[in-house]
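Trainee: Use the sequences and the hints to build the structure in full.
2 protein chains.
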Amino acid sequence: MSDHLPIEELKTLVEPGKVLTDAASLETYGKDWTKHYAPAPSAIVFPKSIEQVQSIVRWANAHKVALVPSGGRTGLSAAAVAANGEVVVAFDYMNQIVDFNAVDRSVVCQPGVITEQLQQFAEDKGLYYPVDFASAGSSQVGGNIGTNAGGIKVIRYGMTRNWVAGLKVVTGTGELLELNKDLIKNATGYDLRHLFIGAEGTLGFVVEATMRLDRAPKNLTAMVLGTPDFDSIMPVLHAFQGKLDLTAFEFFSDKALAKILARGDIPAPFETECPFYALLEFEASTEEIANDALATFEHCVEQGWVVDGVMSQSEQQLRNLWRLREDISETISHWTPYKNDISVTVSRVPAFLRDIDAIVERSYPDFEVLWYGHIGDGNLHLNILKPEALPKEEFFAKCATVNTWVFETVQRYNGSISAEHGVGMTKRDYLGYSRSEAEIAYMKAIKAVFDPNGIMNPGKIFN
Amino acid sequence: MSDHLPIEELKTLVEPGKVLTDAASLETYGKDWTKHYAPAPSAIVFPKSIEQVQSIVRWANAHKVALVPSGGRTGLSAAAVAANGEVVVAFDYMNQIVDFNAVDRSVVCQPGVITEQLQQFAEDKGLYYPVDFASAGSSQVGGNIGTNAGGIKVIRYGMTRNWVAGLKVVTGTGELLELNKDLIKNATGYDLRHLFIGAEGTLGFVVEATMRLDRAPKNLTAMVLGTPDFDSIMPVLHAFQGKLDLTAFEFFSDKALAKILARGDIPAPFETECPFYALLEFEASTEEIANDALATFEHCVEQGWVVDGVMSQSEQQLRNLWRLREDISETISHWTPYKNDISVTVSRVPAFLRDIDAIVERSYPDFEVLWYGHIGDGNLHLNILKPEALPKEEFFAKCATVNTWVFETVQRYNGSISAEHGVGMTKRDYLGYSRSEAEIAYMKAIKAVFDPNGIMNPGKIFN
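So the protein lines, in turn, are chains A and B. According to the working numbering, numbering within the first sequence proceeds without interruption in unit steps and concludes at 602. According to the working numbering, numbering within the second sequence proceeds without interruption in unit steps and concludes at 602.
Think of the hints as simulated: they come from the structure by calculation, not from any bench. Don't take each hint at face value.
With a Cα cut of at most 30 Å, we get these calculated BS3-like pairs of lysine-lysine [claimed, not checked]:
hint, chain 1, residue 1, chain 2, residue 2
1, A, K398, A, K478
2, A, K583, B, K382
3, B, K150, B, K187
4, A, K264, B, K382
5, B, K357, A, K382
6, A, K203, B, K537
7, B, K187, B, K203
8, A, K525, A, K478
9, A, K203, A, K157
10, B, K583, A, K583
11, A, K531, A, K398
12, A, K357, A, K382
13, B, K525, B, K478
14, A, K478, A, K583
15, A, K357, B, K382
16, B, K398, B, K525
17, B, K537, B, K478
18, B, K382, A, K382
19, A, K174, A, K157
20, B, K478, B, K174
21, A, K174, A, K478
22, A, K203, A, K150
23, A, K357, B, K357
24, A, K382, B, K264
Mentor: Following this line, the structure appears as structure tokens:
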């Protein structure tokens, strides 16, 4: 990469004032929610149109400048971190919903549309955008597509991938591709749309996306159930899945709940204390369905899988029950948690969790371990909390050792080292635990096809 | 490609008798359901294991022999036709279901498993494999994946793509890739699984697939509704979609129905004759839902969108109503139909259909045109019937002219020249109507990555 960037030339490609190089902007736009790398971009550029994005990419090719895409910067893998003098392309000014079609239930979004903005737009139209997660208030559609964001409704609605009807991307050569044209059925060769989803901006940048909406769910109702041990959670999932179309099936441990209750602003679900809790949700669209849910609950109690439980009777109660799960991540941030986002097939979860638990317990009995996650999808969030007394650096170094053991276990269970957070830079050196050498070689060759000069978010996913 | 194939060497790679070169086998295994190309393979080889497939691909690389994969050969785009001395790799002996997991609702299939075999297996387990279409009794899982098969339940369940949890493929270099490991969430770089789905065997061959199953639908119920004109069908779709989770929304014209009724073995849905008919299906899992359906039907009648209708009251009636739609393709095969399988976004269907109708009407007023298809997905099957007196060659030549006009209209409506039949050889020369030059160039570059010697089903999708 060149030492002296032709920033003046870059400024001519966008509107006045849309290239920033001040220290505060470089600091802000150079990082995501991870804290491992010091941000060090050369400049931040804010395109306002697809043509401007194309010009920026052509400029970057001409001068061999690396570009890093920037959305809501809520990522947890440092995929949107610019730590090596890159130019950050921030989509803050491409944040409009540009079209809506009620018959097709489709919304054309610029990449900078905030997830919550899309959810709200759908609601205003009497429809539903079902991809939801804790950072929905800041994350952007382009970033969601880049990481194929998942979240809390995957068991019913799938990942972001399922909701992308069409995609406009600018490749590493500055070419604009219009992928899939928003069609439901389109068997005309390789579906390049799916290649760009989850590619973390390494093949090109998403500059427009047509997202599909669903009908609004009817009378969403949640249950929180306390189980006597972890092994009871899976039969509970199985029992409910056999009776109802679940819209969510989450779990959290007593330790995670304790942190939430200590805040004092969220009520306990019920008095009985249990080591694990399941939160499930469904549409109680008819009385029959609500009765099925209660009958299944009773069956689970009879089987000894459930000790106590509660079902929401109002929207307020639904929200409160969800906060028990949704607010964990923010609440525990106080303890500088070391996060891992791993997955295995659902049937392997109990044995897998037991193995990981044993590893951490054996090696670091003084570390507090919190488990929670999207267990209906086999996705577990492992959080190791920093003891107050331990310096941050020492804590992270110890956790890095745990990392290797965790990933070895993931590999043994044929799982994923990153279920929904992506690879970015934080998981890059561990990619081999989830993907074979041959796969990684093919990925690199595909990158070379779309980004021959290696300017699109280099050093992310692989080196 | 070499003139003298080392067939004796090929024979050493598989079990005795598993290479055929007799005329009857070459004729049978060299073609699919299309009749445009004369089959001319050099040999047919039947591997029984993944390792044998790898050996065959390595042999083909060593001798620069082109390979054509062969499943149920029910394709309608000549993607599985061997017309140029290729060696056909037939998966008839890799036809076992090798594993099942009730918790994950997953089935590990060899590529030669018949679609119906998978459907039946799911049913036996109290579950459901939802991808269904007329050729389910012969088509194979590997072929379904190669063409990303769609069919009659896409509106609810999506294409084959949605049900592929994991994939083992042998690439053009003979490498075995194990893609996605059956995980629900796996954000570890490019999802190569999706690249192979719909690639028509041009990047590699599917040698094993883990397919996901769904819960069994409850009390499936169909309605056939007669509409006074085509324009009424879309408001009917919209009305029902707002009230019910439809599992199907199909349509057919009076001319298509007439052919079915002329057989004499399927009863008319009702006495009133209408120019168009919609067939919709839903789960009448509660009385409330059945009542919602009837109320919506009455609303449609009041609005003048529906003239008459019938709702199935038994499984037998459900089957009979489905035959009105499902048996069209087989019934009209008598008239040597010229088939087109095209799609646009659902909202554009009425104007699009009107335009195409006008083109065919104006140019060939003596041709009978039958419309039917998966209109809830924007997917129309246009069938032009051959007048008895017209010689086949002359008819096909005239239809080829229509083709160009049809595809120009598809392009104008931003649609697809192949909704679910694939490109193969029949649509290859028209690919530019649906995919840009840049996209086609990228597709070719991707093929070169996975199949550097161009031995995997060459000449399909593009040249």
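Trainee: For every hint, state whether the structure bears it out.
Mentor: Hints and how they fare:
{"no.": "1", "hint": "A:K398 x A:K478", "result": "holds (16 Å)"}
{"no.": "2", "hint": "A:K583 x B:K382", "result": "violated (47 Å)"}
{"no.": "3", "hint": "B:K150 x B:K187", "result": "holds (13 Å)"}
{"no.": "4", "hint": "A:K264 x B:K382", "result": "holds (15 Å)"}
{"no.": "5", "hint": "B:K357 x A:K382", "result": "holds (11 Å)"}
{"no.": "6", "hint": "A:K203 x B:K537", "result": "violated (53 Å)"}
{"no.": "7", "hint": "B:K187 x B:K203", "result": "holds (22 Å)"}
{"no.": "8", "hint": "A:K525 x A:K478", "result": "holds (11 Å)"}
{"no.": "9", "hint": "A:K203 x A:K157", "result": "holds (21 Å)"}
{"no.": "10", "hint": "B:K583 x A:K583", "result": "holds (16 Å)"}
{"no.": "11", "hint": "A:K531 x A:K398", "result": "holds (20 Å)"}
{"no.": "12", "hint": "A:K357 x A:K382", "result": "holds (17 Å)"}
{"no.": "13", "hint": "B:K525 x B:K478", "result": "holds (11 Å)"}
{"no.": "14", "hint": "A:K478 x A:K583", "result": "holds (27 Å)"}
{"no.": "15", "hint": "A:K357 x B:K382", "result": "holds (11 Å)"}
{"no.": "16", "hint": "B:K398 x B:K525", "result": "holds (14 Å)"}
{"no.": "17", "hint": "B:K537 x B:K478", "result": "holds (13 Å)"}
{"no.": "18", "hint": "B:K382 x A:K382", "result": "holds (21 Å)"}
{"no.": "19", "hint": "A:K174 x A:K157", "result": "holds (26 Å)"}
{"no.": "20", "hint": "B:K478 x B:K174", "result": "holds (12 Å)"}
{"no.": "21", "hint": "A:K174 x A:K478", "result": "holds (12 Å)"}
{"no.": "22", "hint": "A:K203 x A:K150", "result": "holds (17 Å)"}
{"no.": "23", "hint": "A:K357 x B:K357", "result": "holds (19 Å)"}
{"no.": "24", "hint": "A:K382 x B:K264", "result": "holds (15 Å)"}
Going down the numbered hints, you'll see the structure goes against 2 and 6, while the others check out.
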